[in-house]
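**Q** Since the structure of chain A is provided, determine the placement of chain B on it from the hints.
So you can see what is in the structure, the chains are spelled out below.
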Amino acid sequence: MNVALIVIFAFLLISIYLGIRAKKGKTMNFEQWTTGGRSFGTVFVFLLSVGEIYTTFTFLGASGWAYGKGAPALYILAYGCIAFIISYWLLPPIWRYAKENRLVSQSDYFVYKYNSPALGILVSIVGIVAMIPYFVLQLKGLGIIVSQASYGSISPNLAIWIGAISITVFVMISGVHGSAWTSVLKDIIILVVVVFLGLYLPIHYYGSFTQMFHAIDAAHPELLTLPDKGMSVYWFISTILLTSLGFYTWPHGFTAIYTAKNERVFRRNAVVFPLYQLVLLFVFFVGFAAILQVPGLQGATEDLALLKISKLAFPPWFVGVIGAAGLLAALVPGSLLLMATATLISKNLYKVFRPRATDGQIAKLATYLVPIIALVSLYFTSNGGQTIVALLLMGYSFVIQFFPSLFFSLFRHNPVTWAGAFYGILVGEIVVVYMTVTNTSIGSMMPFLPQAVKDLNPGIVALIVNIVVMFIVSLLTRNVRVSRHGTASVT
Amino acid sequence: MRLFRWLGALPILGILVGVFFANRIHPFVLGMPFLMFWIVLWVVLTSMIMFVVYKMDPSNHGGDAE
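For the record, the sequence lines run as chains A and B.
In terms of the numbering used here, the first sequence is residues 1 to 491.
In terms of the numbering used here, the second sequence is residues 1 to 66.
Next up, chain A with everything else stripped away, as it sits in the complex:
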């Protein structure tokens, strides 16, 4: 038992305690469990949504990108800004509609807006297929962080089991209240750790930020700008656009919107969020500091940049604190993912085929599904291999396909019909799968195009196909309805 390990476990116990205690004074029903009774103020909604940004990816991925790819990593900072600007106008009407109709899941939204259970089933299945690999990624990240930070005294596998069990316990007991309370501890510790690392490491190793970037400029100038080919300016712009539109289309992030107690919460958050995002800048600083200090990490091991340089610079107890921060970074988004998946299966799949099931039965089923989904994810974590990596790459592109029909559903006169939404999403997903499985890029499909177009994020292709199909099918199905009612010349 080393010091680092004791620190990690202390934080884990505190967070489980907070997660369980969160239930206090609440009668748990389904709406409480998934949406917290729509009672959360600015702070909780803020922390739940931030849980989405500060995941294990923040720790490992963002610093790894800065280390291995350099400037392209800045897209992570930029897309958040645009997502938050959009959120100011996008989230209030969604919240209002969800409250009026007492929605508990993302699929509910599509079912009600388009009056189509079939669309709900499609959206649920796509959502589940996207979320389970995302949860597996969180568990894998957790395993790496905890085993590294405990200096190998806990194996990644054991760490993953401990993490998964902790999440399952507080999700089953407290639902989203548990996630909210755990996220308080998580954000405090991440904020402190990341800002400290980002300030300390550059100054300790280089003297100042300027000197650090001058040193990198001398050794690897290519890391400080976007390259001419590949991750070029065009890649940068298209990726920011795609990821900012997809930010609120993840099913678990969507449900977090429902927890707000009024719509002003979102507008306030749109002001504070961008600044809070600057925490990521410090993560980048850590990655940049590692370039010349722990050189030679390549491929998947790039993600270890932050942990390697920290172990070089700090005593074990502080490495333990970093490990605890990484552990907590996985718990909050992990819990939201588990809950959203369980809700989709019980409410939007099971209930459709068993319409007579009562709300109580649906709620009970959702709770019991939590450990089952956790077990399935644990299985994939150790046996997934390449499949899970491929699914993960597709996950983001999967959920972005919801955006067009979500966007048009906000119009008073929605030009999109349920069939348009359904086939648009379906064809969009098929394009994503095809392009990922066959490893097709825009360049390989159409080699005659200029470099700028080839560098575009391939997700754009699926989105464009989706929108085209959506409008064509909407037009066709609209005409059918019009002629049936015998009304002529309706737009």
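By construction, these hints were calculated from the structure, which means they are not laboratory data.
One or more of the hints may lead you astray.
[As the list claims (entries may be wrong)] Here are the simulated distance ranges between beta carbons:
hint, chain 1, residue 1, chain 2, residue 2, range
1, B, G18, A, R21, 40 to 48 Å
2, B, F51, A, R354, 42 to 50 Å
3, B, V17, A, Q361, 49 to 57 Å
4, B, L30, A, E222, 42 to 50 Å
[Unchecked claim] Result set (DSBU-like, lysine-lysine): computed pairs, CA atoms no more than 35 Å apart in a straight line:
hint, chain 1, residue 1, chain 2, residue 2
5, A, K261, B, K55
6, A, K351, A, K99
7, A, K364, A, K261
8, A, K229, A, K99
9, A, K69, B, K55
For every residue, glycine included, the Cβ atom is placed at its ideal position computed from N, Cα and C.
**A** For chain B alone, coordinates are given in the frame of chain A:
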């Protein structure tokens, strides 16, 4: 007057169009390479702009509906 809404377009232009001109290392500003500084600048400006939007938006006026 809904003009204030268009303020929200400024950061989007600043980031997505601005990057064509900002994709460079020199000059260093505040110790950061220029591209990094440019993105950070717009992160800060986004917060400030959204604050102005929040204050000008009539739907945020009136008593707290909490």
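**Q** Which of the listed hints are broken here?
**A** 4, 8, 9
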